[in-house]
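Peer 1: Fit chain B to the supplied structure of chain A, relying on the hints for placement.
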Amino acid sequence: MMGPYNEDEFLPLSGIQHFAYCARQWGLIHLEAQWVDNLWTAAGTAMHERVDNPHAIESRNPFKTMRSVSLSSCSLGLYGVADVLEVHNGKEHGKYNLVEYKRGKPKEDDCDMVQLCAQAICLEEMLALSIADGHLYYGETKRRHVVKFSSDLRERVHTLATAMHHYYRMGRTPAPMRSAKCQNCSLSAICLPKLGANQHKIDAYLAAAVLDATKN
Amino acid sequence: MRKMLNVLYVTNPDAYLSRDGENVVVRVDQDEAFRVPVHYLEGIVTFGYVGASPALLGLCCEKGVTVSFLTEHGRHHATVQGSPRGNVLLRREQYRWADSETRSAELAGMFVMGKIVNCRAVSRRFLSDHKDVTESEDVQAAHALFARNVLKLHKGIGLDEVRGIEGDTARRYFGILNHLIVAQKDDFQMKGRSRRPPRDNVNCLLSFLYSLLMHEARSALESVGLDPYVGFLHRDRPGRASLALDLMEEFRPYLADRLALSMINRKQVCANDFVTTDAGGVFLKEGARKIVIDAWQKRKKEEVQHPILGEKIPVGLLPYAQALLLARHVRGDIGKYPPFFWK
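As you go down the protein sequences, you meet chains A and B in turn. Take the first sequence: its letters are residues 1 to 216, numbered as in the working numbering. Take the second sequence: its letters are residues 1 to 343, numbered as in the working numbering.
With the rest of the complex left out, here is chain A (with noise of 0.2 Å):
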């Protein structure tokens, strides 16, 4: 299927999980290249650096594994990598099983549905097939969890992609959202969530300076 959007317009496909999180968050990371590690951050590179192989494809029946797996879509005109791709050659044979790697445990949020939703869309216009369903395996309970790819949701993933790519062509960065998502955010220290709502602050802060001037 063709879409609205062709290869250079193409924006990362991780960051559609960044952006569900906190738009700022993804325009800080994908608009103006700043990223900072933490603790937790780390912790999902680490992980990462286990389950990202593309040159090691292992057949255990009734399953092919691809790893690192190049995906995209032009009516999302986003592209990525999946961690993992299973293709069944039992009985159900053909079957596709995407498996998104993520530290932690399953989170009260959509973020990691919509990225594994995004990857489910690209896989199925690059292989013309339809996919009911996709795995989220997370590093703390060390289980798959099922992820239904229901209308709701991928309606939802269109919505972000549409606005991500919105902000980007307009280059730029969202306005801060504070929350208490920022305590934990690797980024608080550059996004600096409170300073917008500090102006008046600012303001001050000048006009002290030019009064003690006054007072010489």
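Hint data in this document are derived by calculation from the structure and do not stem from the laboratory. All figures in this text were calculated on a predicted structure; none of them were measured in a lab. Every residue gets a Cβ at the ideal spot worked out from N, C-alpha and C, and that includes glycine. Watch out, some of these pointers could steer you wrong.
[As the list claims (entries may be wrong)] Here are the computed distance ranges between Cβ atoms for each label pair: (1) B:N6 - A:K148: 47 to 53 Å; (2) B:V182 - A:T214: 25 to 31 Å; (3) A:K107 - B:F34: 41 to 47 Å; (4) A:E7 - B:E22: 32 to 38 Å.
Peer 2: Below, chain B alone, put in the same frame as chain A:
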């Protein structure tokens, strides 16, 4: 705020920097003199003709460690840096602002205001400490002039006028620095500001400290994604890091001048630490460079409450914090750039 990491200063001209795994290794005559894991560092500054292996430079680029090569007197040769942080869109906005007379004047005004307010803090300190000294009349007059200049800036004036005020303040400020030297007065007298080369001990010390500050300002701007070469107060000049010079203005009195004064007044440096060349240039001896760098490193570790970010940060992170605020201003998050005022 991010954590302050160390800057490795290499003053021995016979040193060679190489890589061993994830470590930076300093060798002198083939022998290992020093070794540090690269992730402890945020920068390396070398003085004199220090060599470095491509492997080491590659490691530093990969880890975001800025490597600067200066002459033994602190003049800049080259800086090696990895792929630029930040994005072309931020830099483009910066260029548009630099092209705009209004925007440039506004920002230049802020940098200069930061400088003058902090010059005033220097003169104020002197006045409150030395009420009985005859020179205080001179300082008092300069202090009043600084105040008038702050008020002039506040009115929102053109770029040329901002530059005029900056020059006027600098002349008066350097004019009173001699009064602020209360020890070793015979050996430390400033005869106006001279830079190429510095012509007296005070100028020499100031120039050297400014070159340390310059490295910090340049890498701070790089790390937030701004182009250190395109400034607002300082005009474009090929090879000159104008924005780094802009950003430095507010820090000169607070970070460099005050340190120079206290080193002289506390006799941490003496006339013996300087050499005068036949052509009249004055330079720091190698051993003295170490003393100054040690004092600088110590100063960087002191903590200060940042008035806008509302948290305590090491003094050494101030250039980074201000560069970040500048980037946020250019990005449109805040309507004004707040310089760092020393209270």
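Peer 1: Against each hint, give a clear statement of whether it holds in the structure.
Peer 2: Hints, verified against the model:
no.	hint	in the structure
1	B:N6 - A:K148: 47 to 53 Å	51 Å, holds
2	B:V182 - A:T214: 25 to 31 Å	30 Å, holds
3	A:K107 - B:F34: 41 to 47 Å	45 Å, holds
4	A:E7 - B:E22: 32 to 38 Å	37 Å, holds
No hint from the list above goes unmet by this structure.
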